[in-house]
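Q: The residues making up each chain are set out below.
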Amino acid sequence: MPFALTPEREREFADILSRYPNKMAATIPVLHLCQEQHGWVSPEVIEFVAQQLEVSTAHVKGVVTFYTLFNQRPVGKHQVWVCRTLSCALRGAGELLEHCEKRLGVRAGETTKDGKITLRTAECLAACGQAPMMQVDKDYFENLTLADADRILDRLRGD
Amino acid sequence: MLKKTKYLSRTYDLERGHTLAAYESVGGYKQAPRALRMSREALVDEVKKANLRGRGGAGFPCGVKWGFMRPHPTKPAYLVVNADEGEPGTFKDRTLMELNPHAVVEGCIIACHGIGAHAAYIYVRDELHLSKARLWEAIKEARQRGYLGKRPFGIDYPVEVYVHTGAGAYICGEETSMLNSLEGRRGEPRLKPPFPAQVGAFGCPTTVNNLETIAAIPTVLELGGDEFSKLSAIHNLKDGGTRLFGVSGHVKTPGVFEACVGLTLRELVYDLGGGVAGGELLAVIPGGSSCPILRADEKVHAPDPSSALHPWHGQSVLDVPMGVETYRLLGTMLGTCCAIVLSDRADPVLAFHNLMQFYRHESCGQCTPCREGVGWIERILDKVVHGKSDEKELDLLHDIGSNIMGNTICAFGEGAAMPALAFVQKFRPELEAYVRSGGKSGTGRLSLP
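Those protein sequences? They're chains A and B, same order as listed.
For the first sequence, my numbering gives the first residue as 1, with consecutive numbering after it.
For the second sequence, my numbering gives the first residue as 160, with consecutive numbering after it.
The hints are simulated quantities; they were obtained by calculation from the structure and are not laboratory data.
Every residue, glycine too, gets a C-beta built ideally from N, C-alpha and C.
Please note: incorrect hints may appear among the correct ones.
What the hints assert, rightly or not - No farther apart than 27 Å at their CA atoms in a straight line, the calculated lysine-lysine pairs in the BS3-like style are these:
1. B:K551 to B:K599
2. B:K458 to B:K189
3. B:K547 to B:K585
4. A:K77 to A:K138
5. B:K309 to A:K23
6. B:K162 to B:K389
7. B:K551 to B:K162
8. B:K397 to B:K165
9. B:K397 to B:K411
10. A:K23 to B:K299
11. B:K163 to B:K411
12. A:K23 to A:K77
13. A:K138 to B:K299
14. A:K138 to A:K61
15. A:K102 to B:K542
16. B:K165 to B:K411
17. B:K351 to A:K23
18. B:K234 to B:K207
19. B:K234 to A:K23
20. B:K163 to B:K207
21. B:K599 to A:K102
What the hints assert, rightly or not - Computed list of chain B residues with no C-beta within reach of chain A, every gap over 12 Å:
22. P232
23. G305
24. P352
25. Y429
26. H460
27. S465
28. P470
29. H472
30. S475
31. L514
32. H545
33. L555
34. G565
35. L580
Claimed, not checked - Looking from chain A toward chain B, a few residues come up when the C-beta cut is under 10 Å (computed):
36. P21
37. A26
38. I28
39. P29
40. T65
Can you make the complete structure from the sequences, with help from the hints?
A: Encoded structure:
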């Protein structure tokens with residue numbers, strides 16, 4: 001089925017286009033908008049974006065495959081990123097990740113069987129002074145203990 | 160010398176400090192109308208006098224950069240503000256966006272006039288959702304108040320500010336890569352020349368400034384270029400003003416602090432960072448992961464009296480004021496002034512491995528020396544930490560790093576190779592011990608027990 005935006009997102013789409021001197025510049029913000037609605041960038045989303053912005057599907061696909069935040073396959077209802085880079089690693093990110101993997105029964109990069117949570121690692125999320133940390137959907141959780149992580153993950157699983 | 164200041168962070172402790180009301184309560188939006196009434200030349204001159212060095216890592220003088228912009232007969236000019244904060248160890252711009260976004264907006268208005276632009280794009284990495292929301296909110300408030308739009312402050316100089324978002328690619332912090340990303344393309348760096356001041360965003364003359372640089376502009380105008388410059392302990396080295404310092408890793412009180420330029424690393428680690436959290440200080444990566452690491456036991460070698468470093472000859476590197484020029488002469492870089500601190504209870508070889516995993520993941524893949532070289536370094540380190548390498552391969556690390564240097568389109572290659580070469584040079588005994596012991600050397604951990 002072809003992809004279409006909800007009326008509310010249609011308005012945001014028009015707002016995004018008004019910010020740039022040409023349509024191609026809206027590629028990344030519009031892909032975000034579509035992914036927010038659809039959960040991932042499906043071939044239909046690529047078709048839609050190419051058509052709307054008057055660019056080739058090859059162009060859109062090139063962009064999607066370059067940036068790590070565009071999901072090229074469906075992901076869990078919630079996404080958890082544990083920062084693994086040096087400042088966090090110096091303050092226990094390795095232990096935090098291992099703990100999350102055990103708690104959820106998945107390895108980094110995988111989604112729980114119930115489809116609730118996709119666990120991933122992230123490269124530096126600019127929260128080095130509040131390490132270790134993880135991003136859950138759009139929120140940052142910082143200065144984490146393993147018990148904090150448990151509470152966050154349990155809440156997500158119950159959602 | 161440690162001198163704490165409160166210019167950039169003036170709203171940080173205020174309740175709802177991110178709002179227009181809070182910003183105006185501490186003198187905000189007084190400089191933009193003044194600047195818009197100045198001639199462009201006078202404005203650029205003031206910023207030149209401030210010796211405001213770019214806060215994104217390269218340390219290029221902001222006023223000089225603005226001076227490169229020439230009006231084009233047919234094309235508009237653009238300001239692009241770099242807030243793609245992602246250099247490991249760096250977390251300062253985020254505090255400005257979250258806690259003082261109006262300083263960024265006011266800085267954008269002034270900078271637009273300084274370079275002859277009428278539109279500014281603030282490129283924020285996608286993960287910083289709160290930062291983006293705060294910036295949009297600030298833009299909306301400023302527009303409602305008549306500070307942005309067709310006639311900001313009733314002056315006939317239209318300015319619009321937009322937030323543009325990335326999608327998870329460290330490379331987009333490189334300015335030409337950022338321009339491609341802004342145009343809706345893959346974020347691969349462009350060859351220079353042409354420089355952005357000639358052919359930048361959408362083929363038009365463009366200035367790319369770091370977000371902290373832009374946020375400092377209202378303070379430059381408020382104090383005047385000369386006074387701003389003199390805040391710094393090393394303003395005689397054309398490195399002026401006040402800036403944000405970050406400290407993370409093995410310190411007791413990690414965080415972001417504002418202080419005058421010319422602070423020493425010792426002050427950053429012990430006075431602002433509260434000292435080492437456990438064990439003794441082993442080494443510091445001074446300004447984001449691309450800056451070559453400094454060992455705590457290193458001494459300054461600058462016997463030549465004409466060297467800017469000579470006054471510190473024979474002293475500990477920790478006691479040299481942190482400046483663009485002083486750090487270049489030390490063989491490292493000032494970078495973003497956000498230091499990562501390593502205790503001697505952590506394993507430097509594992510730290511090296513961790514950073515090279517980052518660079519391998521983030522190399523955009525456009526240039527062969529970087530794409531293959533960084534991956535090769537990471538694979539060798541993988542073998543080292545698992546006890547499967549040998550001493551010959553340690554020499555290879557040096558060769559690979561040297562062959563990346565200068566052979567890539569952008570500075571990412573060097574940004575990965577320089578820290579690698581420094582680790583190989585400064586932690587050779589530790590690397591050799593790893594190889595000889597079959598991976599059983601070292602403390603085996605990065606976090607403190």
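Q: Any Cβ of chain A at or closer than 12 Å to S475 (chain B), or is the non-interface label fine?
A: The assertion about S475 (chain B) holds, with a minimum of 22 Å to chain A.
Q: Does K163 (chain B) pair with K207 (chain B) here, judged by a C-alpha cut-off of 27 Å?
A: holds, 23 Å
Q: Minimum Cβ distance from I28 (chain A) to chain B below 10 Å?
A: At about 5 Å, which falls below the 10 Å cut-off, the nearest Cβ of chain B leaves the hint on I28 (chain A) intact, so it holds.
Q: Next pair to validate is K162 (chain B) with K389 (chain B); report whether the Cα-Cα distance is within 27 Å.
A: holds, 12 Å
Q: CA of K77 (chain A) to CA of K138 (chain A), is that 27 Å or under?
A: holds, 13 Å
Q: Against the 27 Å threshold, does the CA-CA distance of K458 (chain B) and K189 (chain B) hold or violate the hint?
A: violated, 46 Å
Q: Regarding the pair K23 (chain A) and K299 (chain B), is the alpha-carbon distance no greater than 27 Å?
A: holds, 23 Å
Q: Holds or violated: K234 (chain B) with K23 (chain A), Cα cutoff 27 Å?
A: holds, 18 Å
Q: Grab the minimum beta-carbon distance between Y429 (chain B) and chain A and tell me whether it stays above 12 Å.
A: Y429 (chain B) clear of chain A: closest Cβ-Cβ about 16 Å, beyond 12 Å.
Q: Keeping to a limit of 27 Å between CA atoms, is the pair of K551 (chain B) and K599 (chain B) held or broken?
A: holds, 19 Å
Q: Please confirm whether H545 (chain B) is truly not at the interface, meaning its C-beta sits more than 12 Å away from all C-beta atoms of chain A.
A: holds, 15 Å
Q: For a C-alpha distance cap of 27 Å, please report whether K397 (chain B) and K411 (chain B) respect it.
A: violated, 33 Å
In summary, the structure is inconsistent with hints 2, 7, 9, 12 and 31 from the numbered list given earlier, while agreeing with the others.
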